[in-house]
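Protein chains: 2
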Amino acid sequence: MAGACPPGGPEDRAARVALTWLAEPGNRAVWTLVEQAGAPATLDRLLGGDIPDTRLRAAVAARSAAGDARRMAEIAMRRAERLGARLVVPSDDEWPRRVADLATLELDTGGRINADTRPPLCFWVRGSWPLGEALERSVAIIGARAATNYGIHVTGELASAISRNGWTVLSGGAFGIDAAAHRGALSAGGRTAAVLACGIDRPYPAGHTSLFDRIAESGLLVSEWPIGAEPLRHRFLIRNRVIAAATAGTVVVEAAARSGAAQTMNRVLALDRPAMVVPGPVTSAMSVGCHEILRNNPYARVVTCADEVLEEIGRIGEYYAEAPRGPERRHDHLDEETALVLETLPRNGSVTPERIAAEARLDLRTVLRRLSLLEIAGLVVRTADGVALAPAPGRKRHDAG
Amino acid sequence: MAGACPPGGPEDRAARVALTWLAEPGNRAVWTLVEQAGAPATLDRLLGGDIPDTRLRAAVAARSAAGDARRMAEIAMRRAERLGARLVVPSDDEWPRRVADLATLELDTGGRINADTRPPLCFWVRGSWPLGEALERSVAIIGARAATNYGIHVTGELASAISRNGWTVLSGGAFGIDAAAHRGALSAGGRTAAVLACGIDRPYPAGHTSLFDRIAESGLLVSEWPIGAEPLRHRFLIRNRVIAAATAGTVVVEAAARSGAAQTMNRVLALDRPAMVVPGPVTSAMSVGCHEILRNNPYARVVTCADEVLEEIGRIGEYYAEAPRGPERRHDHLDEETALVLETLPRNGSVTPERIAAEARLDLRTVLRRLSLLEIAGLVVRTADGVALAPAPGRKRHDAG
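Chains X and U supply the protein sequences, listed in that same order. Residue -8 is where the first sequence starts when you use my numbering, and the numbers rise one by one after that. Residue -8 is where the second sequence starts when you use my numbering, and the numbers rise one by one after that.
Treat the hints as calculated values from the structure; they're not laboratory data. Nothing here was measured: the structure is a model prediction, and the numbers come from that model. Idealized CB from N, CA, C, for every residue including glycine. One or more of the hints may lead you astray.
Said to hold, decoys possible - Stretch by stretch, here's where chain X covers chain U in the computed footprint (C-beta under 8 Å, at least three residues):
id, region
1, 129 to 142
2, 267 to 277
3, 280 to 290
4, 295 to 303
5, 345 to 352
I would like the entire structure built from these sequences, with the hints used as guidance.
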């Protein structure tokens, strides 16, 4: 880290904005450089043309030809101030904790590793609620723009019940399911956050201008892109990784075949978050994508009402809040089923989830869920042939796996 | 085995009928004795009162008080002959192979092992098709009696497509989904089998008398119970094990909460057969049971069409369900960079290649190459001051989700 430019200081903030203007958010090369050297030094290096990654070099050269990155960042920050929008960077108190998981997300998309999945460098935020607090207990509800009455109805019911339970309903601000999710939360007096794929000064779609204003009154408008950025097609895919990572779980209500929702769900599953799917009539084109996700992902779960969504995400939220510390107390804060799974694990060596299910007399899906929790908590590790107890602090173990 | 009474001979057949009259089919103690000593010796022993199992002793005593088992069997066999029905026993060529799997089926229903899951001792059959051949390539389609229009429609489509593919559609002959399954197969000129929970001389429900006649013309009516047996409530649960075991897989279309379908699916899963579930609207009471099965059984699989059912039950590679395709868009065939260039073009008016390069973060040479391709494809035209989108009917932008 460049000691002269402390993280969160004016230079760090301006550099992050300029970097986001130079390269799309999530860029692996940029993020890695920022992690290593800090944002200001990375910006110097990029503008100086010292860029090993050829694609990034070409992109930076093209952008630099169109304008000066530092100047653009300055303009964006002034315009944001006038709009009442603020910039949030990782060193800020309100930075959302969960997006850090994107640092290690690897998505193999047909042989080619998807590189654009790294954590955001900054967020632009409109709305007074602290971003981190808003996202800590949040559920994404996403789905088709061309939603049916069925999808709109179910989404509204889910969103209002979820927000009445004190959870933030997060979505993408689009027509259809997204809008029904935001409206459902608002109608219940709850809070909702829209994560946009363009500058937060650009209501996209324009028909949602007043909806976005209402969202910002009690909730938040959030974007990684600088003020003025256009909602280009590829940005929605980049944005979707934030929806997947920032929330405790994601629900898909309606989706057409081969939709963006399936892509978002891949990220949700890769991040070990609950991937929840609302089924629908098999005769409806708008449920084809939902059923596809369920057929293709054994870990995707059918949900039919808000209680089932809360059941999936609630335990994770509660669990995060009371992560057990010492090995001698590791069972104390666990729910009964999770404790049972943990007890069934052998002291040494690996075991398959199927074997745990048989031993603990739990169904396999429950076991897999509980194992995910235990893995997140660092109590269990995956091995070549199943799972094993993680080495407890201060205790040496020989992994038989 | 008692050598004096060869399996499949008149004494063996009559004894099996009498045993089914004395104790309900699937009875573990009776089946075990028959396996050890053959049916005639088992009948002798039961009628002699030498019964270690107390529940069975009480049942046999109660039945014996109501009539003579051998005499009842004789009457049933004479009546069956008049009806054109035949008795099929395990040593017959047409005995269905798969029901043997019931011999080792263990269902732990909340601590109590369910005892009534052993293979049938015999089947009564109406229809000329050999039973084993009919069931070898068969799929069960089951579901609610109080089915909705949605369930009836989906069942009809599934059953007719499955039977057109040369598979027997098997169901239980009840109102609702069962009837829709039989009718769907018949309407496609296919064959269907109804497995009843009463004597095959008793059309139950009575409203299905003519449907049963049509089923028997080209397909089969099948029952374990002797002619004259009543459709008692508990017999449906006993019958369900045969539906699960005799078929290559079972599809549930609609089911209410905590329905018999869930119980049948437990047997299907315990037998390692494909357990397939058609989802429906979460707002429909008739799909609650389907979603329940999916949520409780990680091995239950969502199916939405006949191809997906055939893929599950067919041999690997014999059927392969095509992934549903969304409407083809012009971007679908473009590489990432070309799509990006196309996205960057303004909806109206011209733009310079330099500007595109800056916006898309691509180098100018790449942009010029992509523009040439797009021009050849007729998607882009040259203008006095750069390039512009070619007019295209129904062109949509920003349609990524």
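Check: Any of the earlier hints contradicted here, and which numbers?
Finding: As far as the earlier hints go, only 1 is violated by this structure.
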